[in-house]
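J.: For reference, the chains in residue letters:
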Amino acid sequence: MLECLPDKAVTHTAGKINPAKTCQPIGAMYAALGIHGCLPHSHGSQGCCSYHRMHLSRHFRDPVVASTSSFTEGASVFGGAANLKTSIKNVFAIYNPEIMAVHTTCLSETIGDDIPNILKQAEIPEGKLVIHVNTPSYQGSHITGFSGMCKAMVQYLSESDGVQKAQVNILPGFVNPGDMREIRRIVHEMGIRMIMFPDTSGVLDAPMTRKYEMFPAGGATVAEIRDAGNSALTLALGAFASNAAADLLQEKCGVTGIPLKLPIGLKATDAFIMALSDWFGTEVPGSLSLERGQVVDTLLDTNFHYQGKTVAVFGDPDHVIAMTEFLITMGMVPKYVLTGTPGKAFEAEINGMLGEAGISGSKVKADGDLFELHQWIREEPVDLLIGTTYGKYIARKEDIPLVRFGFPILDRAVHPLMPVVGYRGCLRLIEQISTALLDRRDRDALDEDYELIL
Amino acid sequence: MDELCSLPSGGAPPCISERERSIVTAGRSRTAIHCTDDSLAGSVSQRACVFCGARVVLNPVTDAVHLVHGPIGCASYTWDIRGSLSSGSEMFRNSFSTDMKERDVIFGGEKKLAACIDEIVEEHHPPAIFVYATCVSGMIGDDIVAVCNAASRRHATEVIPVESSGFISGNKVVGYRAAALALMRLITPKEGETVEKTRKLNFLGEYNLSGEMWLARRYLTEMGIGINVAFTGDSTVADLKRAPGACLNIVQCTGSMHWVAMQLEKEFGTPYMDVNFFGAENTAESLKKIARFYADEAVMERTEALIARETARIAPDLAWYRERLAGKRAAIYVGGAYKAVALIRQLRGLGMEIVLTGTQTGKKEEYATISGLLDEGAIVVDDTNPAEIERFLREMKVDVMAGGVKERVLATKLGVGFVDHNHDRKECLAGFDGAVHFAREVYTSACSPVWKHIRPFGGA
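Here the protein sequences come in this chain order: A and B.
Following numbering that gives the first Met the number 0, the numbering of the first sequence begins with 0 at its first residue and continues without gaps.
Following numbering that gives the first Met the number 0, the numbering of the second sequence begins with 0 at its first residue and continues without gaps.
Read the hints as simulated data drawn from the structure, not as lab findings.
Some hints here could point you the wrong way.
Where chain A lies over chain B, by a calculated footprint (3+ residues, C-beta under 8 Å) [what the hints assert, rightly or not]:
| # | segment |
| --- | --- |
| 1 | 106 to 115 |
| 2 | 130 to 138 |
| 3 | 232 to 245 |
| 4 | 265 to 279 |
| 5 | 368 to 380 |
Facing chain A, a subset of chain B residues (Cβ under 8 Å, in silico) [said to hold, decoys possible]:
| # | residue |
| --- | --- |
| 6 | Cys48 |
| 7 | Thr97 |
| 8 | Asp103 |
| 9 | Glu118 |
| 10 | Val120 |
| 11 | Pro126 |
| 12 | Gly165 |
| 13 | Phe166 |
| 14 | Glu284 |
| 15 | Gly326 |
| 16 | Glu389 |
| 17 | Cys446 |
| 18 | Pro448 |
| 19 | Ile453 |
For glycine and all other residues, C-beta sits at the position ideal for the given N, C-alpha and C.
Please build the complete structure, drawing on both the sequences and the hints.
T.: Rendered as structure tokens:
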């Protein structure tokens, strides 16, 4: 792969080389898996669905089941209505989900299938539901698709009964099931009733029971998502993934929405907990204060491992925004910050944080690719790379340690179960970053500098 | 059993009625299996698409640029997932995409494609660029053939269209043909060029997963036979252009390469034969078959000696594994029939009983071969889905399954051992060494110490 990078600096203006994003439907599929008893359905040809299931299976190492309209030439010419109706019939007859979540693909979008209209004509068994989102892959990224499906949940399911309940809605963003569990634990520690959707914990981190559950115990129930319309507050974690649904919830059901960063890092976790504490008048329990104290203590114990080191971060915008904030807290220097997802708000937010911290000379880009990131690093190297598995080529070529972070991670295991959010997540990130840099130091040390205690 | 079933008991049928003809029982079913059709809408098929078929065949051409003309997903999901190894260029591990946006869909993507090709030629000077059509570029009618031809002339380089729009068919075999057409275009000498015939052979349908081509080449070299070029594992554009110079084509992955072999016979008079390097028995047979073609006493002798030596060398290892695996029950679900046939023989060689075999893309005659190999009562299934896999794994009391990544996670959740025989495997499974590696993989999965601990807190 290394020869892809020419000797001289070049800019390519058309297309992408080594993308730092993927397409909308996989995000919609992942979000849909976070509804209990839901079968995601891909309305298009079956290749897309197969790729998305495969990609998610590789990241989570758990079965990902989704149906497809199996388009061929006929459907592409005459429209996919018949295929979708047949799919709905077959899916409820054989798999019997509570709810089907339909997302479109480029193909059905290009031919212009009118999904709401098709759904009106389809025979949906009584008591069953079908929701949908339009997810052409030629717009946005997997994060846009995730956001769209969250919004569809609100649009189709959430209702206000006119009586507000003392409960919070959490839109967790495109994070791992381990993160969702951790968010749930924190809110539970605060003693606040919550509805989290989507929630893939219990779905994509299900235990081995020797019993295959097509619809595992996890996921937000339809009743919960409906009841989200009665909550007092919505916390939208990660603007790119969660704001659209929170805004609609506010508009449709009058639930106040507060946009927050993903609770990755000390400041963002503080903000998350304080938002809950302020709104519900709940004191932060000692257990969480203790965890926070451990993080600060650890930061002081380890700061000389990483402070002042330069770092390149790439991945999904919400992840990268929160991570950049934490890196600044740690005293590191985010030199290159890139996401593949389009959106100018990303650049503004990162540049704002860097400016506030007095860091200049960094490069920040939305809708970028890894070819470009690689070129930046080659022109002026960094000490550490943080990003998805795809960063491993750059890490090898430029001999930089890589901390795997975000989606997808295809070459390591266990990560989907281990949270990066909350104070526990802070500790894990500090450990990973310290260890990566110290491992490198050990590896590079001359015999006379190779020491026991670091 | 019902307590373990995820499907609703009572009401729903065990499988979709339209699917019944795609499932037969070896030795008992009188009618032939229903196959090669489009998948049923809503059936959760494990199949991929036409573009995928084309991409997996061509991507191992190591020094070419593989440019996907479509929205980003098609390139993202197929970025370096093939598992092919290269002895030289690593260009093929990059992911090039025109990253079509809404504007391109509305106004057409031809200009953007041409601009991408221009930049790639200027920045990377590849010996060839394969341009893959996807659903969207095909649907909006981008003329990739015209764009590629114009770019070829403009840059005096090979820019080869691959017409692999996903919607053309629900079967990736159609993508194999698109790739084959692109390969033939590359291979066929231009006017005025000639390729001299040699005593070497071409190895078709060998993708050098985990270096398997390199192992096969060691055997052939020892026999005194050279590989002219392997398609497409660890091949370069220049290697492929020498393809007409072979005296024989051996074909491993028949699904992807039979048609190419037939074309090569028609165009260049090169005969072909099927070979199979998965499993010791298959390897030995294939080597003998190749040696016989050369009708050279010395080659034959060296081949016999190689087989005798290697068979004896691995026999103790295989016996060790057979002792531990004998009587276990196996299931197979793979992409193509040639792999299914190889797996049946290999698993049986380990003393295991094959109770379920299926493929995504098998043809009627291939299923006849498969059924003929199986014991009475074994299930044969075309284009299956997770619900059926679940049902059969439970009903047939399977101990180990062989398949790809989507089957792996399903099998393990059901408490069934698993061995990957697809892109995610990192072990060389070909040849005599591969037979031992395969046995070890089956053993480590089927006999993992973890199985003793799956019941919580010492429960039975």
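J.: Determine for every hint whether it applies to the structure shown.
T.: Hints, one by one, checked against the model:
Coverage of a stretch by a chain is defined here by at least three residues with a beta carbon nearer than 8 Å to that chain's beta carbons; for the segment 106 to 115 of chain B and chain A the count is 3, and the condition holds. Here the segment 130 to 138 of chain B counts 4 residues with a CB under 8 Å from a CB of chain A, which clears the bar of 3, and the coverage holds. Restraint check on the segment 232 to 245 of chain B versus chain A: 0 residues with Cβ-Cβ distances below 8 Å, three needed, restraint violated. With 0 residues having a beta carbon nearer than 8 Å to a beta carbon of chain A, the segment 265 to 279 of chain B misses the requirement of three or more and the stated coverage is violated.
Figure legend: the segment 368 to 380 of chain B, annotated as covered by chain A; annotation inconsistent (0 residues with Cβ-Cβ distances under 8 Å, at least 3 required). The criterion of a C-beta within 8 Å of any C-beta in chain A is met by Cys48 (chain B), whose closest approach is roughly 2 Å, and the hint holds. The criterion of a C-beta within 8 Å of any C-beta in chain A is met by Thr97 (chain B), whose closest approach is roughly 4 Å, and the hint holds. Checking Asp103 (chain B) against chain A by beta carbon gives a least distance of about 7 Å; that is within 8 Å, so the hint holds.
The closest approach between the C-beta of Glu118 (chain B) and any C-beta of chain A is roughly 5 Å, which is under the 8 Å cut-off, so the hint is satisfied. With its C-beta approaching chain A no nearer than about 12 Å, Val120 (chain B) sits outside the 8 Å limit, and its interface hint is violated. Given hint, Pro126 (chain B) at the interface with chain A, is violated; its Cβ is 12 Å from that chain's nearest Cβ, farther than 8 Å. Hint status for Gly165 (chain B): holds, given a least beta-carbon distance of 5 Å to chain A, under 8 Å.
A distance limit of 8 Å between C-beta atoms decides the matter here; for Phe166 (chain B) the minimum to chain A is near 4 Å, and the interface restraint holds. The interface hint given for Glu284 (chain B) is broken, as the beta carbon of that residue sits about 33 Å from the closest beta carbon of chain A, more than 8 Å. Against a cut-off of 8 Å between C-beta atoms, the interface hint on Gly326 (chain B) is violated, since the closest Cβ of chain A lies about 20 Å away. The beta carbon of Glu389 (chain B) is positioned within 8 Å of a beta carbon in chain A (closest approach about 5 Å), and the interface hint is therefore held.
Given the 8 Å rule on beta carbons, the hint for Cys446 (chain B) is violated: about 17 Å separates it from the nearest Cβ of chain A. With a cut of 8 Å, the hint placing Pro448 (chain B) at the interface with chain A is violated, because the nearest CB-to-CB distance is about 14 Å. Of the supplied interface hints, the one on Ile453 (chain B) holds, with its beta-carbon coming within about 6 Å of a beta-carbon of chain A, less than 8 Å.
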